[in-house]
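Take a look at the letters that make up each chain.
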Amino acid sequence: MTQSSLISTHGLSKEYPGVKALDSVDFDLRAGEVHVLFGENGAGKSTLISLLAGANTPTSGEIRMNGAPMTLESVSEAQERGIFTVFQEFSLIPTMSVAENIFLGREPKVGPLVNHRQMRREAARMLAERGFDIDPTAMVAQLPRAQQQMVEIAKAFHGDVSVLILDEPTASLSNREVDHLFDFVLRMKAAGIGIIYISHRINEFARIADRVTVLRDGAKIDTVAMDATSDGELIAMMAGREISDVYPAIAHNPGEVVLEVEGLEAWGVHGVDLQVRRGEILGVAGLVGSGKSRLFRAIAGVNETRAGRVRFQGRDITGHNTRAVMQAGLYYLTSDRKTEGLILPAPATDNLAIDLMMGICANGPFQRHRAINREMGRIFDHVELHQHYRNRTIAQLSGGNQQKVLFAKSFCHGSELYILDEPTVGVDMGTRAALYRLIAELAEAGKAVVVISSDLPEVMNLANRVVVMANGHVSAELSGDRITETEVLKYFFQETGADA
Amino acid sequence: MSTATKTSFSPLGIVRTIFLRVGVLPFLLAAALIVFSLTSQAFLSTQNLLNVGRQSVYLILVSLGQMLVLISGGFDLSVGMVIALSSVISAMTMVAMAPMFPEAVWLVIVLGALAGFAVAAVIGLINGVGVAFFGVSPFIMTLGVSSAGAGVALFLTGGVPVSDLPFEFGNLFGFGRVFDIPVPVLIAIVFIFLMWIYMAHMRNGAQIYAVGGNIKAANLSGIDTRRTLIRVYVMCALMAGLTGLLLTARVETGDANMGSSMALESIAACVIAGVSLRGGIGRVENVVLGGFFIILVQNGMNLAQISSYMQMVVLGSLLILAVVFDQMRYRMIMGLR
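Going down the list, the sequences are from chains F and P. Heads up, the first sequence is in my numbering, so the first residue is 25 and it goes up one at a time. Heads up, the second sequence is in my numbering, so the first residue is 7 and it goes up one at a time.
Chain F with its partners taken away, still in its complex shape (with noise of 0.2 angstroms):
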């Protein structure tokens, strides 16, 4: 390696009480290169950035830029030296115009006032530069996420720019938005700025990546040139396992049908038909945004439904509030585990007696708190919470074991169907086998499952019977060995099937 490093780590830890986040990491970034950091929820990635963009500061280690040591006390102290991150989370004020939010605390001035015609032209200006093609005058809040996004990008770059950090920036982009952005990066990688991107979707990579450093537990596994790797290595190094030890083998068996939906109208759902069968695994593809979350939360109870009919074990549940539904049999794993699934601030135990006393142990106007320990033992037992995390606090529980809890919640209702609305988003790989072969144990006996994921994989390898939606419309049902990742593909962007 002869090439000269723009930034570079040595050694660098970071560590809280009684965990090592980051364990003695050695990364460099070179000048017009896209790096791609690699890793599960966990791994060490987001702390990484956080060091590198000033959020954060190293407990030992140094960073060195042009190959001096120097130390980063803030993000704007990063920024003075040409680093600029764009978060996952947004820093944009919703209720404020694009360019408003652009200029941000450097608006242009006449005296005192702010200049806001100067202010609208130059964040045109700025956009269009960047090829982006966003109304400066909109208002942040009535934009799609995807421009949100370009928006924080353009927001993030002022002054002169020798480093770019980009936190997964393609997680609610579709399709198109991608090829945008990825046009963008390329022509900043052209002009010889070194780009740090951070990403889950392995098939990207080809596009853009020329390095690819693996990080696991916090400590880096390896760092390889992109056009010398495969995905079936960057997984196995970034599980530390072969991907085929993940997924269970399942024993579908399906029966009779328990779920009939016919013409549904909700939120973002147009005319939607579908049936769910009793022992099998449906499995439910599509974009963000295309309905698939939505038509099942519409079904839940959880947005309102505004036509067509839903009949669940022979009784007409259309409409019905989500208590009604649950009563019913049907349970709703959210795919929001920390806004609406879990209460943060109270441990476990708390956080699943209240679905036992809602739930099997409803019995009567009293906790039965003997009833409800008993329960409460079993269920934890299945899900392998270990004894240790019961009694935390679910703030202080990694999200594995965070989405181990929201799982036993499901599991206090004596559902027969069972709606898992992204089961394993931000979930370690050890965790996600563990909850894989709970879904599997749930078909096998008998009880109706639907998995709504954006994980193709996880689609593929868990269900008999594939869904896609496109457009709040359903493109295609797929099953047996039409199951493939292009055949499902291909109706990610098709308004309705070849059949339909």
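Source of the hints: derived by calculation from the structure; they are not laboratory data. None of the values given here were measured: they were computed from a predicted structure. Take the hints with a grain of salt, since some may be wrong.
What the hints assert, rightly or not - Taking lysine-lysine and the BS3-like style, the derived pairs with C-alpha atoms no more than 27 angstroms apart in a straight line are:
1) Lys179/F / Lys133/F
2) Lys222/P / Lys362/F
3) Lys213/F / Lys179/F
4) Lys471/F / Lys222/P
5) Lys471/F / Lys44/F
Starting from the known structure of chain F, arrange chain P on it as the hints suggest.
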């Protein structure tokens, strides 16, 4: 709700554990006892402490209702107005009924009390429906209702206290004793016990914690969150209505200016006792102690001859201090430090 803590036997560890479990109250209580016993000889006497206990009954009852609303994630600024309105309505009902049933004074008292509770329930229902169905923030909803209700109370009485209540009403509920224990204290003990059963051992109580902890998660756990919120506001108003009746019996008049400081004092009692302003956290037994603490501080300041104006300054400061400690405690619970 209990919070996860590591057991530690160092002095600092014990302080930390108490703080995480109970909040700032034990430390404030110890400080108050030390300071006031130094400033006044009479403060620590049994007679004085019994006196404080008797006086704190009213605030404790209101605070228990306020606690329900706080745990559900809201707050109720209208409790003072409910006290005033239930006082006025019950007093006016008794005065109006007395000539109709001159032989049945207890019937008159019961009808008056029912009228007081009924108006309290209606106000609680209005608050609850506004918050649960129309999404009005609890701050605006209860503030608006408070103004409207106070207007009604003043309109009905013209600002003049309603007097000539049945003698038996004040004699029993204001000054009566059973087994040598003041009746208001007995009533408070009964309601403290009922409230403890409700929050610690009934499903409906646990649902309030869940709704305040995370209302969306509560919904997905099968809890009817709207019904829970309405129930909470109605129960809070009923507790305030009960307090209004007891105070009316004590002063033997219906008064539209009664309870004006109760909203602030009840929120202070709760927050000092570790009820989180974010909802989801709080315990009945601590709130009882919190109400007792506020009255104790007022009593200590009276004995130390601190003017009532300065007492307002102290109460306001205590409330803010309690919220600052609540923030600290929340961060410690969440592991953010």
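Status of the hints after comparison with the structure:
no., hint, result
1, Lys179/F / Lys133/F, "holds, 18 angstroms"
2, Lys222/P / Lys362/F, "holds, 10 angstroms"
3, Lys213/F / Lys179/F, "holds, 19 angstroms"
4, Lys471/F / Lys222/P, "holds, 26 angstroms"
5, Lys471/F / Lys44/F, "violated, 41 angstroms"
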